[in-house]
Structures are given as structure tokens and as C-alpha cells.
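Residue strings, one per chain:
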Amino acid sequence: GNSVTQMEGPVTLSEEAFLTINCTYTATGYPSLFWYVQYPGEGLQLLLKATKADDKGSNKGFEATYRKETTSFHLEKGSVQVSDSAVYFCALTLSGGYNKLIFGAGTRLAVHP
Amino acid sequence: DAGITQSPRHKVTETGTPVTLRCHQTENHRYMYWYRQDPGHGLRLIHYSYGVKDTDKGEVSDGYSVSRSKTEDFLLTLESATSSQTSVYFCAISESGGGRSYNEQFFGPGTRLTVL
Chain A
39 GNSVTQMEGP VTLSEEAFLT INCTYTATGY PSLFWYVQYP GEGLQLLLKA TKADDKGSNK
99 GFEATYRKET TSFHLEKGSV QVSDSAVYFC ALTLSGGYNK LIFGAGTRLA VHP
Chain B
44 DAGITQSPRH KVTETGTPVT LRCHQTENHR YMYWYRQDPG HGLRLIHYSY GVKDTDKGEV
104 SDGYSVSRSK TEDFLLTLES ATSSQTSVYF CAISESGGGR SYNEQFFGPG TRLTVL
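These protein sequence lines are chains A and B, in that order.
Numbering-wise, our numbering puts 113 at position 75 of the first sequence, and it's gapless, one number per residue.
Numbering-wise, our numbering puts 117 at position 74 of the second sequence, and it's gapless, one number per residue.
For the record, the hints were derived by calculation from the structure and aren't laboratory data.
One or more of the hints may lead you astray.
Unchecked claim - In silico contact screen, one side only, chain B against chain A (beta carbon under 7 Å); selected entries: (1) S137; (2) F150; (3) G151.
What the hints assert, rightly or not - Simulated DEER-style distance windows between Cβ atoms: (4) A:P48 <-> B:E70: 32 to 38 Å; (5) A:T64 <-> B:T60: 25 to 31 Å; (6) A:H150 <-> B:G83: 21 to 27 Å; (7) B:T129 <-> A:H150: 27 to 33 Å; (8) B:T125 <-> A:E80: 41 to 47 Å.
No residue lacks a Cβ here, since even glycine has one placed at the ideal position from N, Cα and C.
Let's have the full structure, built from the sequences with the hints guiding it.
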């Protein structure tokens, strides 16, 4: 079946460190891929997206590239800030699937000064 | 921010009681979704709606029912709540749901439900 696997957390980093959160997927057809972020006590917000192979999504210094050959969509940021502390979810939708999201388990990021 | 509200925001109830959660949107989006969030599972789809009175089951629909009598409201009902339904429930909306073009889902603030 269709699924998303992302690295377990928590991930703890110092401010200005490099961030990578791994995400791989299993899907039939051609999924669109997303990263959502959830700040404490809030709902989810879309961080970035990619709709086809080799697309790079980017937003707020975060980037992720849709790699069809490795079925991956790893999230990266060159220099994290304390304000990036949140839970990050990788997700996919399938074309013709009513835009239903399939989520990974989430990765908690804690950034310390 | 997308106009999505959920009510109540917090609820504590007892096993066996009925519970209804409400999602209200002011965006006139066609598609609405209910997810539950549990540690280690991320968010999982309970039910979704693709128009007024048009609904379908998601991944974890057992024990839940939904109704959508107006574009702006999507209700989630637990007919007889169980402790396994203790969770955080999120509503989401989307302008369109099909084809290869991407349409963002906007999420509400969530409802924390505790079933004792």
C-alpha cells in the first residue's frame, strides 16, 4: 500500500546547525510530496511541496527534492534557528485521490541556542 | 490564515457517550477532511467530504460517522466514545481534490478529546 516513512526523532540541534530529516515513500502511480510543520499547540501548515520527479520545493530556507529513483523527499536547512523547533511531517497525495494526505509519523525538532 | 474553526477545542467525556465535533469554514472550499493525530502515527484520515452530502471513509473510520449538510460545516460524530478514540482531531479543507495539480490542504487548530 501507499505509505510514508520518516526518521524518528527527536532531533536535537544547536542553533545554526545543518538539518536533514529523511523521508521515503511507497506509492502507486505518481504522488505529490509535501512537508508540513506543526508548531506547539497549533494545527499543521504547509512548508513546501513538489509535484513531480526532480522538482525542488523550498520555503523559509528549507528545501526538499523529489527523488523518484530513491523514492525520497528529504528535508534540509542549512542553518536552523530556535524558532524552527516544531514537529515536521512528510506526506503524499495520489492523483485522482481526492487530495487525501498520507502522513509519516512526524519528526520532532528541538533547536537550542 | 484560512478561515477554519473547530469546536470544541477541548473535551473530556466518558466511555459510551456520544460526541460531536464541528468544523466550520468560511472559504467555500469543496473538500473537507477529518484526521486524528496520535503519537507514532502522524495524522490518519478518518472521513472526508467532496461536496454537500457527499462523504466517504478514510483509513480509520470505524466508530466514526460524519455529516455535511452545508458547504461550510463538517461534523464528526463518535456514536459511543471509547478510550481508544482519545486523540487530537484536525479538520482540513481543500479547494479541489483531483488531478495532478496540487491543492493545498489548510488545517484547523484541532480538538483535543479525552475519553475516560
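- Task: Mind checking the CB of G151 (chain B) against every CB in chain A and telling me if the closest is under 7 Å?
- Result: 5 Å, holds
- Close enough to count: is the Cβ of S137 (chain B) nearer than 7 Å to one in chain A? Where the cut-off is 7 Å and the nearest Cβ of chain A is about 5 Å from S137 (chain B), the hint holds.
- Item | Minimum beta-carbon distance criterion (7 Å), F150 (chain B) to chain A | 4 Å, holds
- Message: Looking only at beta-carbon atoms, does the pair H150 (chain A), G83 (chain B) fall within the given range of 21 to 27 Å?
- Response: Because 24 Å falls inside the window, the suggested range holds.
- Query: That 41 to 47 Å hint for T125 (chain B) and E80 (chain A) (C-beta), does it hold up?
  - Reply: 27 Å, violated
- C-beta pair P48 (chain A), E70 (chain B): status relative to the range 32 to 38 Å that was hinted: With a Cβ separation near 34 Å, P48 (chain A) and E70 (chain B) satisfy 32 to 38 Å, so the hint holds.
- Cβ-Cβ distance between T129 (chain B) and H150 (chain A): within 27 to 33 Å? Because 31 Å falls inside the window, the suggested range holds.
- Query: Has the hinted range 25 to 31 Å been met by the Cβ atoms of T64 (chain A) and T60 (chain B)?
  - Reply: Given about 39 Å between the Cβ atoms, the range is violated.
Hint violations for this structure: numbers 5 and 8, all remaining hints satisfied.
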